Amino acid sequence: MLSTKSIIKVLCLCLLTSGCSLFANDEEEQMVAQVYDYTLYQSDLEGLVPNGISSEDSMSIVDNYVDQWIRQMVILAKAEKNVKDDLSKQLNEYRNSLLTYAYEQQMVDQMLDTNISEEQIQEYYNEHSGDFLLKSAIVKAVYVKAPKNSSHLQRLRTLVSKSPFDDKDVVELEQHATKHGFTGYYDATTWIPFYNLQTSVPITTYNEGLYLKQNRTIQLSDDSLSYFVRILDYKVSDEISPLEVQHENIRSILLNHRKLEILNKLQSDLLKKAEAGGHIKRNNKKE
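Mind the numbering: the sequence shown is residues 12 to 298 in our numbering, read in order.
Since the hints were made in silico from the structure, they are not lab data.
Everything numeric in this text was worked out from a predicted model, so none of it was measured.
Errors might be hidden in some of the hints.
[Stated by the list, open to error] Subject to a maximum C-alpha distance of 30 Å in a straight line, what follows is the list of computed DSSO-like cross-link-like pairs (lysine-lysine):
(1) Lys173 x Lys246
(2) Lys156 x Lys100
(3) Lys179 x Lys156
(4) Lys100 x Lys284
(5) Lys100 x Lys276
(6) Lys246 x Lys151
(7) Lys246 x Lys146
(8) Lys284 x Lys270
(9) Lys179 x Lys190
(10) Lys159 x Lys146
(11) Lys246 x Lys156
(12) Lys100 x Lys146
(13) Lys292 x Lys146
(14) Lys179 x Lys246
(15) Lys156 x Lys173
(16) Lys283 x Lys100
(17) Lys283 x Lys246
(18) Lys190 x Lys173
(19) Lys224 x Lys246
(20) Lys224 x Lys270
(21) Lys151 x Lys190
(22) Lys159 x Lys173
(23) Lys270 x Lys246
(24) Lys292 x Lys100
(25) Lys146 x Lys156
(26) Lys276 x Lys292
(27) Lys283 x Lys270
(28) Lys151 x Lys89
(29) Lys224 x Lys179
(30) Lys146 x Lys89
(31) Lys224 x Lys159
(32) Lys159 x Lys179
(33) Lys173 x Lys224
From just these sequences and the hints, can you work out the full model?
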């Protein structure tokens with residue numbers, strides 16, 4: 012009798028040969044592995060191996076799957092012999108929950124209008140702004156890292172210190188940095204957490220609000236690099252988070268509200284229909 016490993020290798024070769032079908036056409040399916048009374052058949056492996064991957068990867072996927080299945084069945088067989096609790100009620104409740112969820116999800120997919128206008132998002136933001144308080148500081152910022160011994164440091168200082176500092180200054184800063192092979196961040200329109208900036212630039216502070224208020228232009232150095240940062244805008248903890256930060260969050264909230272409305276109406280309509288058809292009976296007798 013072939014070992015499990017040998018069977019797996021045969022199956023993998025079959026998967027990878029265009030003229031060979033993995034699944035038998037015979038009425039009796041071919042067994043891949045067996046653990047006590049549990050059997051894994053070839054049809055159970057259908058769709059396991061994606062198209063276009065290498066023979067080695069295909070064999071590894073099937074091999075790992077069968078090994079994992081064997082492990083699970085060994086534990087399951089032991090559990091069935093040793094767990095005395097009747098789990099039929101829990102299993103039935105779980106089955107009912109899965110069926111209900113699948114049906115509700117199907118109805119939501121059919122009925123949900125996913126079009127959320129900018130006006131609706133703005134209106135929700137205005138009415139619930141107190142729900143969007145920041146827990147930590149966020150900033151709009153650009154920065155450049157340059158070798159500490161570079162001859163272009165003075166030019167970088169001049170560029171990040173410009174006042175006013177606008178989009179064309181960001182472009183000029185990026186072009187200058189790129190020309191000399193310096194790394195940096197130049198997205199001046201996106202809010203980022205202040206602590207994200209601190210992971211790239213060695214800024215240390217115990218008071219984010221005060222630091223950002225007093226430092227719109229930041230110049231720092233460590234053993235090997237000089238850092239040039241321009242803070243374009245900032246908001247600190249307990250301030251209202253900007254709309255652009257909360258835009259997708261609000262869209263998700265509004266979609267969820269619509270889902271709940273669909274489900275509530277669905278349940279109400281089904282209940283009315285069942286009652287009207289005499290399919291609901293209550294026994295109100297008291298002993």
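For each hint, the structure was consulted:
1. Lys173 x Lys246: 21 Å, holds
2. Lys156 x Lys100: 63 Å, violated
3. Lys179 x Lys156: OK: Lys179 and Lys156 at ~20 Å, within 30 Å.
4. Lys100 x Lys284: With Cα atoms ~28 Å apart, Lys100 and Lys284 stay inside 30 Å; holds.
5. Lys100 x Lys276: 29 Å, holds
6. Lys246 x Lys151: It holds: about 9 Å lies between the C-alpha atoms, which stays within 30 Å.
7. Lys246 x Lys146: OK: Lys246 and Lys146 at ~10 Å, within 30 Å.
8. Lys284 x Lys270: 21 Å, holds
9. Lys179 x Lys190: 16 Å, holds
10. Lys159 x Lys146: Cα-Cα ~35 Å, so violated.
11. Lys246 x Lys156: At roughly 24 Å apart (the allowed maximum being 30 Å), Lys156 and Lys246 satisfy the hint.
12. Lys100 x Lys146: 44 Å, violated
13. Lys292 x Lys146: 52 Å, violated
14. Lys179 x Lys246: 24 Å, holds
15. Lys156 x Lys173: Status holds; Cα separation ~18 Å.
16. Lys283 x Lys100: Within the cut-off at roughly 28 Å; holds.
17. Lys283 x Lys246: 51 Å, violated
18. Lys190 x Lys173: Within the cut-off at roughly 20 Å; holds.
19. Lys224 x Lys246: 10 Å, holds
20. Lys224 x Lys270: Roughly 43 Å between the alpha carbons, so the hint for Lys224 and Lys270 is violated.
21. Lys151 x Lys190: 24 Å, holds
22. Lys159 x Lys173: OK: Lys159 and Lys173 at ~21 Å, within 30 Å.
23. Lys270 x Lys246: Between Lys270 and Lys246 the Cα gap is close to 33 Å, so the pair fails against 30 Å, i.e. violated.
24. Lys292 x Lys100: 23 Å, holds
25. Lys146 x Lys156: 28 Å, holds
26. Lys276 x Lys292: Roughly 22 Å separates the two Cα atoms, so the pair holds.
27. Lys283 x Lys270: Holds, at about 20 Å.
28. Lys151 x Lys89: Violated: Lys151 and Lys89 sit about 58 Å apart, past 30 Å.
29. Lys224 x Lys179: 24 Å, holds
30. Lys146 x Lys89: 49 Å, violated
31. Lys224 x Lys159: 27 Å, holds
32. Lys159 x Lys179: The hint holds at about 26 Å.
33. Lys173 x Lys224: Holds, at roughly 17 Å.
Comparing the model with each numbered hint stated earlier shows that hints 2, 10, 12, 13, 17, 20, 23, 28 and 30 do not hold.
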